[in-house]
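*Asks:* Letter by letter, the chains look like this.
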Amino acid sequence: MTTTQDATQATALAILDALCARLIEAEAELNALDRAVGDGDHGHNLARAANALLAIRDELAPLSVPEMLKRAGKAVVMSVGGASGPLYGTLLLEQGKGLPEGEASRADWARAFTLAVEGVARRGKSAEGEKTMLDVLGPAARAFEGAVDQDFASALAALSQAAVDGHLHCRGLHASRGRAAYVGERSVGQDDPGATTAMICVQLVAAKLAEGAA
Amino acid sequence: MTTTQDATQATALAILDALCARLIEAEAELNALDRAVGDGDHGHNLARAANALLAIRDELAPLSVPEMLKRAGKAVVMSVGGASGPLYGTLLLEQGKGLPEGEASRADWARAFTLAVEGVARRGKSAEGEKTMLDVLGPAARAFEGAVDQDFASALAALSQAAVDGHLHCRGLHASRGRAAYVGERSVGQDDPGATTAMICVQLVAAKLAEGAA
Amino acid sequence: MTVAILIVSHSVDVARGTAEMARRTAGPDLAIGWTGGNPAGGLGTSMGAIAEQLDAIWGPDGVAILVDVGGAETNSEMAVEEMAPDKAKRVRICQAPLVEGAIMAAAEAASGGTLDQVVSAAEEVMRG
Amino acid sequence: MTVAILIVSHSVDVARGTAEMARRTAGPDLAIGWTGGNPAGGLGTSMGAIAEQLDAIWGPDGVAILVDVGGAETNSEMAVEEMAPDKAKRVRICQAPLVEGAIMAAAEAASGGTLDQVVSAAEEVMRG
Ligand SMILES: Nc1ncnc2c1ncn2[C@@H]1O[C@H](COP(=O)(O)OP(=O)(O)O)[C@@H](O)[C@H]1O
Ligand SMILES: Nc1ncnc2c1ncn2[C@@H]1O[C@H](COP(=O)(O)OP(=O)(O)O)[C@@H](O)[C@H]1O
Ligand SMILES: [Mg+2]
Ligand SMILES: [Mg+2]
Ligand SMILES: [Mg+2]
Ligand SMILES: [Mg+2]
Chain A
-10 MTTTQDATQA TALAILDALC ARLIEAEAEL NALDRAVGDG DHGHNLARAA NALLAIRDEL
50 APLSVPEMLK RAGKAVVMSV GGASGPLYGT LLLEQGKGLP EGEASRADWA RAFTLAVEGV
110 ARRGKSAEGE KTMLDVLGPA ARAFEGAVDQ DFASALAALS QAAVDGHLHC RGLHASRGRA
170 AYVGERSVGQ DDPGATTAMI CVQLVAAKLA EGAA
Chain B
-10 MTTTQDATQA TALAILDALC ARLIEAEAEL NALDRAVGDG DHGHNLARAA NALLAIRDEL
50 APLSVPEMLK RAGKAVVMSV GGASGPLYGT LLLEQGKGLP EGEASRADWA RAFTLAVEGV
110 ARRGKSAEGE KTMLDVLGPA ARAFEGAVDQ DFASALAALS QAAVDGHLHC RGLHASRGRA
170 AYVGERSVGQ DDPGATTAMI CVQLVAAKLA EGAA
Chain C
5 MTVAILIVSH SVDVARGTAE MARRTAGPDL AIGWTGGNPA GGLGTSMGAI AEQLDAIWGP
65 DGVAILVDVG GAETNSEMAV EEMAPDKAKR VRICQAPLVE GAIMAAAEAA SGGTLDQVVS
125 AAEEVMRG
Chain D
5 MTVAILIVSH SVDVARGTAE MARRTAGPDL AIGWTGGNPA GGLGTSMGAI AEQLDAIWGP
65 DGVAILVDVG GAETNSEMAV EEMAPDKAKR VRICQAPLVE GAIMAAAEAA SGGTLDQVVS
125 AAEEVMRG
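In order, the protein sequences belong to chains A, B, C and D.
Under our numbering, residues -10 to 203 are what the first sequence spells out, in order.
Under our numbering, residues -10 to 203 are what the second sequence spells out, in order.
Under our numbering, residues 5 to 132 are what the third sequence spells out, in order.
Under our numbering, residues 5 to 132 are what the fourth sequence spells out, in order.
Treat the hints loosely; a few may be bogus.
Cross-link-like lysine to aspartate or glutamate pairs, in silico, EDC-like; alpha carbons within 20 Å at most [stated by the list, open to error]:
#1 A:Lys197 / A:Glu14
#2 A:Lys114 / C:Glu86
#3 A:Lys59 / C:Glu85
#4 B:Lys63 / D:Asp59
#5 A:Lys114 / C:Glu127
#6 A:Lys197 / A:Asp180
#7 A:Lys59 / C:Glu86
For the record, the hints were derived by calculation from the structure and aren't laboratory data.
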């Protein structure tokens, strides 16, 4: 059986560091995506989130993983002024709330991830198919929950693959939510910035966990 | 037969002076009316119009009456920032446009007044019954045109009375146009500021013309 | 007492100007709060700043919030959810355009409308 | 070439802030004009100032004007009617909320929409 061993505090902190570094690095690239379909600030918004998390890293370090996720979610909400701030903040917050306080099984993690994605949809009053981060997060959560009884490496591979597939499918969608909706039909064929960050993050988390599991 | 004698340049200038003085005097009272159903600036807006007209009085004085009306209308449009500016400006402008260049009969004046009121309705995309200046101007124009074959004093009395009646009827209406529409049902029983200034102006013009005719 | 109005825009200029227009319509007595800009001062909204304004203008007759686009609404919702539940119950976010809705809401609130009436007045803008 | 956007508000702050938001959505190349306040600098609009802005941003692909309440529309219409008829033909006033409509219009204009498409994009806001 897997336990929280898979995601001890140390693992969680390592993932946090990697995510923050990756988002800060991707700022210009993500701004460019958002310039095509939105207002050009998505990279800036997520770099702000990353810097806000790094600024409270010492505060996060001693927390249990659920508490760490909740605290991180609040920091993201408070630091990002764009639509993605409260949405990614909700994802972290609900993931934290969805985990049991003690040891969490892999099934617990998968369930909490699904609930967190549902929380994002509620918060954004949105659903899959509207060309947003949900078109990556939704398939990713389903794939992970569906593969939860397979060996860990396979489950992670399924998670990662679903994120990539969701991102690709999202490219062909017509935006009807968020600022990208303003460009309507013209958004077809363009990547949604939030879906792109969702894919980047899911892939990175899967890769880090796979390293730890190997 | 009546001729432009009824409204020579001198009469027109005397009416202009009287109207401007009256509107400047009424500023606080008209602001108070607008405070109840709008944004409280109607008196201020019309005092601005009056001052703008007084400022170009020397320019207006030598003009023929139609040209004087057109020039005055433009000055009102340019000087007033509220909804009433372009509307009263249009009233003057269209009245000027509706008069023949040479001598105008009383019937010409009445016809031009009706056309000018129609111009205001077009400009404001509004109609009688919406609790605006049109609820005074419309009945007034109809009464004057209807009485145009009576003696001048009777025609002026009919004009003046129609303005007063229109104003009273307007008080009972429900606002559906302009800022007063924002207070909707609550506007019933309150005077509309624009209807009040329309009544003041029509009455004053009728009184001045009656003086001249007596 | 009257319903308070909170204006939340991505732009601090839009928020300030909209509040000035609402104030002109409402007269001096209405509680009107406004906030605009992200936590760094750029275009965006700040959940913390919204929460502060809500706290400053909240009264038992309630608060109607007007928002512009995207995250302004989401951040406002999160700020409302952070309030004590009995206070949050008296706060509503209007599905209305910011400037036009704020003027309608301010007029209705100033003339003594209830929270439901104020929200309806703002939302009526959308129905033309 | 692209359609230009003109923002007309009763408040100079709202006009400036809305233009900033529209600029953020449109990027640096779109022609965006804005004007707010009456001829005395208070809340209101000025036909003269609108006419000047129209003149400054007019191009053959046309201009979409976004207005807030009441006299903003009337004064804009009068300013348009003062233009040479062949220029005026390429100017449209949107029946749309100011801030939300300006952002939609700016996005559509920046991505190469025609005047009809830009006006429709703005007016779609009203249809939810
Ligand atoms: N209501 C929503 N539901 C889900 N995702 C959304 C919603 N609104 C926006 N998004 C996501 O957020 C991304 C844009 O984020 P960002 O650019 O940071 O914020 P903003 O749109 O306020 O500038 C979009 O690409 C989309 O994936
Ligand atoms: N569309 C319209 N058609 C006719 N009259 C109108 C219209 N809009 C406003 N009015 C008149 O203008 C008056 C308000 O003028 P004023 O207070 O000077 O301008 P604002 O409403 O911009 O503050 C109203 O009382 C009404 O009589
Ligand atoms: Mg963005
Ligand atoms: Mg943004
Ligand atoms: Mg007024
Ligand atoms: Mg006004």
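*Asks:* Could you tell me which of the hints above the structure violates, numbers in ascending order?
*Replies:* 6
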